[in-house]
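Asks: Protein chains in written order, with this note's numbering: chain R, 1 to 70; chain U, 1 to 70; chain C, 1 to 70.
Hints in this document: simulated from the structure, not taken from any laboratory.
Any given hint could be a false lead.
[Said to hold, decoys possible] Below 25 angstroms or equal to it, Euclidean Cα-Cα: the simulated SDA-like pairs (lysine to any residue) are:
| no. | chain 1 | residue 1 | chain 2 | residue 2 |
| --- | --- | --- | --- | --- |
| 1 | C | 44 | C | 34 |
| 2 | U | 44 | R | 31 |
| 3 | R | 44 | R | 23 |
| 4 | U | 44 | R | 45 |
| 5 | R | 44 | C | 51 |
| 6 | U | 44 | U | 55 |
| 7 | C | 55 | R | 68 |
| 8 | C | 44 | C | 55 |
| 9 | R | 44 | U | 45 |
| 10 | U | 44 | C | 52 |
| 11 | R | 44 | C | 45 |
| 12 | C | 55 | R | 36 |
| 13 | R | 44 | C | 33 |
| 14 | R | 44 | U | 41 |
| 15 | U | 55 | C | 19 |
| 16 | R | 55 | U | 64 |
| 17 | R | 55 | U | 11 |
| 18 | R | 44 | U | 64 |
| 19 | C | 44 | U | 43 |
| 20 | C | 44 | R | 36 |
| 21 | U | 55 | C | 33 |
| 22 | U | 44 | C | 35 |
| 23 | U | 55 | C | 18 |
| 24 | C | 55 | U | 47 |
| 25 | U | 55 | R | 57 |
| 26 | U | 44 | C | 55 |
| 27 | U | 44 | C | 41 |
| 28 | U | 55 | R | 31 |
[As the list claims (entries may be wrong)] Here are the in silico distance ranges between beta carbons for each label pair:
| no. | chain 1 | residue 1 | chain 2 | residue 2 | range |
| --- | --- | --- | --- | --- | --- |
| 29 | C | 34 | U | 70 | 47 to 57 angstroms |
| 30 | C | 69 | U | 55 | 36 to 46 angstroms |
| 31 | C | 11 | U | 42 | 18 to 28 angstroms |
Everything numeric in this text was worked out from a predicted model, so none of it was measured.
Each residue gets a CB set at the ideal place from its N, CA and C atoms; glycine is no exception.
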Amino acid sequence: AQAAEEQFGVSNQQVLVLSETLAATQQQVQQLQESYHEIVNANKIFVDEILHLQKLVRAQNQVHNELINH
Amino acid sequence: AQAAEEQFGVSNQQVLVLSETLAATQQQVQQLQESYHEIVNANKIFVDEILHLQKLVRAQNQVHNELINH
Amino acid sequence: AQAAEEQFGVSNQQVLVLSETLAATQQQVQQLQESYHEIVNANKIFVDEILHLQKLVRAQNQVHNELINH
């Protein structure tokens, strides 16, 4: 048994700790994936709002040109 | 010892490699979590700036209406 | 062998499952890192567009002042 310990001295306890740490890491990764999808959705709203603002500002420039040339 | 190797042929070396790889993965996950928090903070600033721009553009539309009706 | 099993009852199969799960987790982390870089690039564009809109709106305010004082 001592020879086995020297050569394969891996206990269930060590592998159990590894398994639990890995499970916790996977859960963190899954939360990050959900957070990433929330950010992607928020970014779609940003793109829409920025495009809308650009359209409004261009329309206002048109109004300015008409007011100046009036 | 040979029978043990066949059945439980897991060496400390294998588990050490797993532990180190898992530690490196955890560190990457932690950096991603910090990066996520930076993005969330940046997005709050985007929301504020976009809302402020919308308010300014609405105010300018009001000015236009007054200038046109003047 | 039975004593060894009680003490070091870790089979190659257990460690193989851990290794595969860890490899899958690492791949998810790598995809998240790539997604993070895409978001950082998108955010740079948001900053540029918001700064540009702020500049346009300030210029329009200047036009308004000139039109009103005209």
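Asks: If you test the structure against every hint from before, which numbers come out violated?
Replies: 3, 12, 15, 17, 18, 21, 23, 28, 30, 31
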